[in-house]
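The listed protein sequences correspond, in order, to chains R and B. Numbering (this note's numbering) for the first sequence: 1 to 497. Numbering (this note's numbering) for the second sequence: 1001 to 1497.
The reader is advised that the hints may include incorrect statements.
To be verified - Chain R stretches covered by chain B per the calculated footprint, using a threshold of three residues with CB under 8 Å from any CB of chain B: (1) 24–34; (2) 53–60; (3) 63–72; (4) 253–267; (5) 284–294; (6) 345–353; (7) 416–428.
To be verified - Taking lysine to aspartate or glutamate pairs in the EDC-like style, the calculated list, with each CA pair at most 16 Å apart, reads: (8) Lys1446(B) <-> Asp341(R); (9) Lys1062(B) <-> Glu459(R); (10) Lys68(R) <-> Glu1263(B).
Keep in mind that the hints were calculated from the coordinates and are not lab data. C-beta atoms are modelled at their ideal positions from N, C-alpha and C, and glycine is treated no differently.
Residue-level listing of the chains:
There are 2 protein chains.
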Amino acid sequence: MEKEEGGVKQRMVMSDEEEKSRRLKLEEALEIQSLRRIISAYLNYPDAAEEDVSRYERSFRKLPPAHKALLSHYPQKFQRLRRCIAVNSHFIFGMLQAFEPPLDMSGDIDLSRDAHPEHGQRDHFVSEGINACPCESAPLRITCSVSGQHACAEGINDTRRSSAPVHANKEVDIESHHNSDTGTNLPSLIHNGEIREYGGAAFTDSNNNISSSCQQWLEPSLQLNVPLVDVDKVRCIIRNIVRDWAAEGKKERDQCYKPILEELNRLFPNRCKESPPACLVPGAGLGRLALEISCLGFVSQGNEFSYYMMICSSFILNHSQTVDEWTIYPWIHSNCNSVSDNDQLRPVSLPDIHPASAGITEGFSMCGGDFVEVYSDSSQVGAWDAVVTCFFIDTAHNIVEYIEIISQILKDGGVWINFGPLLYHFADMYGQEDEMSIELSLEDVKRVALHYGFEFEKETTIETTYTTNPRSMMQNRYFAAFWTMRKKSGVAHQQVP
Amino acid sequence: MEKEEGGVKQRMVMSDEEEKSRRLKLEEALEIQSLRRIISAYLNYPDAAEEDVSRYERSFRKLPPAHKALLSHYPQKFQRLRRCIAVNSHFIFGMLQAFEPPLDMSGDIDLSRDAHPEHGQRDHFVSEGINACPCESAPLRITCSVSGQHACAEGINDTRRSSAPVHANKEVDIESHHNSDTGTNLPSLIHNGEIREYGGAAFTDSNNNISSSCQQWLEPSLQLNVPLVDVDKVRCIIRNIVRDWAAEGKKERDQCYKPILEELNRLFPNRCKESPPACLVPGAGLGRLALEISCLGFVSQGNEFSYYMMICSSFILNHSQTVDEWTIYPWIHSNCNSVSDNDQLRPVSLPDIHPASAGITEGFSMCGGDFVEVYSDSSQVGAWDAVVTCFFIDTAHNIVEYIEIISQILKDGGVWINFGPLLYHFADMYGQEDEMSIELSLEDVKRVALHYGFEFEKETTIETTYTTNPRSMMQNRYFAAFWTMRKKSGVAHQQVP
C-alpha cells in the first residue's frame, strides 16, 4: 500500500511483481464494483417497476371524472400489473439466489456514494443516442461497459477453452478471464486517488473467500442508487429470455439461429465424436445458440461480455429443473402499441426446453469476458474450426480489430458465419469523447474481411427482429447480413497491433 | 407591473382586464422564448453536424496504422460529409430567411442563461424513454413542448378556420392561436419570479413590431446553447421532408396517405365546388397530406403544434419556385446500418411537386397551435365534415380528450379517419412526474370512441414506416390501425370537462 505523499515516486520503484499484483487487485476491485452495480439493478427491479405503476396511477388520478368513469377498469389493471411484477421479481430473485459470484463480494468498498462519476455518466450516455424510441427497444442490446472489462480473481491465465470433459446433465462450464496477462493498460478513467483507495483500505477486510455462499451480497442494504439505464438493462434481459428460452421466441430463433445451424451442418457434414469441430460464439447472450451448436456435435463455447447476461444464462443453463418451470410477464413495461391489455399482460413460460436434457455434447462452455481481451491471446491463434457471430460485430469499438481477431483464431480453412445488422453500439455517444467508435458500412466490413484472408462462400440478407414483442404495433426490423466466409490457407497470423 | 414586496396582495386586487393583459404578455414571452430556442436549433445545425464529423475523425485517428491503412478512403468520406452538411445548411438558412415570425423577436429577453431549468429538463427527458435506439429514429416524432403552447400576439380570438378565400398560387394561410380565451390556466411550471420578469422589464424594450422583417433574430449572437434533443429535432425535420416532399418518400406516402385519400374520395363522392366538405388534419406535420386533401376538393386545414414543422412547411408550401429546387442529404447523420457510403451520402431532391401548381382548392390553410387549445373552442363545435388523424392520436397527454374533441367538432354524420400506431409521446418520461400520460390499448381507444358517439365503418391494419431510410439495414415498422368511424346523429355536444 502506498503512502499518500510521494505516491508517484514510490510507484516508480515498485517491482514488476508488485506492479502486477497491484494491477490485479485494482482490476478485481473494479470488477466487484461492476458486479455489485449489476446485482443492484436486478434487486431494484420491483421498485423500479412499481415506480412506473405509481406514475400511471398519478396520471389516471388527474383525469376529469367523466374520463375516469370511462376507464373504470384501470385500477384493476394497475393491480394486475403489480401481480405481474411480483411474479417477475420471483424469477429474478431465484436467479440471484442461484448465482455464485466469481469474486469475493464481501469487501466493504464504499460504493454507496458515487465513487466513479465518470462511470455513471458513461453508462448514462449509452442510452442517449440520436434517436430515442420511448416504447420499444429492439435496438438496445446490452454490453456492460461499467468497468470496461469483466475480470475475475480466479487467476485463470490460460485462455484456451476448458479441456475438462463436461457431461450432459452436468453444469455448463462458466469461465471468466481477466486481462492481467494480455498487456492492456490500466483503465485511463481511474484517478490516482481511487487507485489508492482500491489498492489499499478496500482490501484489508477481504476474507479471501472466492464465493460468498451465504449470499450476503443480496442484502438490500447493499443496493445502490440504480440509474435508469440499468433499470432498462434488466428489462432488456427479460426480453432476451423470450428470444432465447421461450416458445414465443421461436419465430425469432428460426429467423436468426436456424440458418446458422443449417449452415454449420452443411459445412461440417462428417462430425465425429472423437474429434468434434470447435465452434466459438462471441456475443452469446443467454446461450441458446451456443447450446444448439453444442447439440449439433460441436465443441461449443459461448463468449459474453455482460454480467447481466451471464448471471441469467448460468441460471437457465445450470439450474433449470424442467420445461416451463418459470413464468414471466415480459411485456408489462410498456403501455405503448398494445392491441389489448391482455396482450400486454400475457404470461410467457420458460424454458421451452430443459437445457440439461437437450443433447448438449462434450466441451460446451460459456466464457465471460471481453472478446478482444480474451481471444487476442496467443493461445487462441488457429484454435477454432468455426466462429459464429450473431448480432455481435457491431458491438465493437473497432470492428477492424474484431475481424482481425476472428481471422487469427480460426484454423486455416475455418469458417466465419455472421448474421446481423450494423447498429454500432458506441455510435452517437455524445459527450463521451473518449469512446472510440469505428462505424463501417457493410461494403467496407466485407472489404476489410477480404484483407484479413477471408473469401466469401455465401452471402444473403435475412429480415428479422431482435427481442421484439410479436404482438406490438411497432416492430423494429433488421435486414441482417448473413454470410459464410472461409479463411484461406497460408494467411500470416499477425498479432493485433 | 408589480412591486417586489406585497406582490400577492396587489395581484389579488388586479382587475380582470389587467390580469388578462398580464397573462397575454406572459404567454407571448413564453412563445418568443420557445420560438427562439427552435430558431437556435436550426441555426446550430452546421455546428452540431461538424461536431459529429470531428468525433468520427478523432476515432479514426485512434486506429493503429495498419487499420488506418485499410480505411484510407475515410478522410475523403469526412470531407464529403462536410460538403453534404454545407448543402443541408444552405437549405435550412434559406428556409429561415423566408420565415416571418408571427411574433416580435426583437425583445431582449435574457435567454442566454437558462431562465427555465424545468423547460430544458423537460425537453431533455423527452428523448430519454425506456429504450434508446442510437442510430435510426422512426419513433421520435416531434411536438415542441417547450412552453406547452404555441400562442401568438395577433389576437385572433375567433378560432374558426379562416374564411378568407385563398386562391391557388397564393400563399397558404398560416394561422396561429393563443389560448387566452379558452379558459386554460397559467402554465404551472412558471415561478412567480419569472412571471414578474416577463410581465415587467422584459417588455419595456418591445417595439410592437409583429414581424421583424430585417431578420435580426437570425444573428448568430442570438444563438443559445442548443441541447442535443433539439439538434435531434432538426434532423428529424430533415427526415420528415423526405417523407412529405421527396420522390424517395413516395412509398411511405402511398402506405399512409393514399388509403386515407381513397377513403375520403369514397366517403364524399359528390363534392361540389360551391359547397365543398371541410376536412381538418390535426398533426399535419409538413403539410403534404393536408395539401393532397385540398387537391381532392375539400376545404382542408392542417393543424400543427410544432414550430419546427411550421417553419419548414410554410417554406415549402409558400416559397417553392419549382420541382426539385433544393437538394438535401437526409441520411448523413448516422453511420449505422449503411450498406455503402454512397447510400449514406446520396442526395434527395425536393419538392417532388410544385405545391402552388398542385391543384390546391379554396380554403387550404395551416393552423399552428395545440389541438386541444384551438379546437375545444365553442366556435369549432360541429364545424367539420371530416377529421383525418395520421400518426397523431398518440401525441396526446390524454387521448380521451382528443377523441372527445374530435367527436365534438364533427358534424352529425361526419367521419373520423385514423391511421397510426399508439406510440404515446409522453410515455416513459422518467423524472417528469407532472407530465400526464394516458396510454390506452387499441381496444380501449375504440371503446372510448364508441362512447363518444362513433360507430365503425371500416377497420384494418396497414404495415408502414415513418421517416425511415428505405436503404437502411434497420427499419422500424408500424402495424398501423386504420379506421373510418362515423359520428352518429344526435350525440350531445358536451364541453370538455
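What hint numbers does the structure not satisfy? 1, 4, 5, 6, 9 and 10
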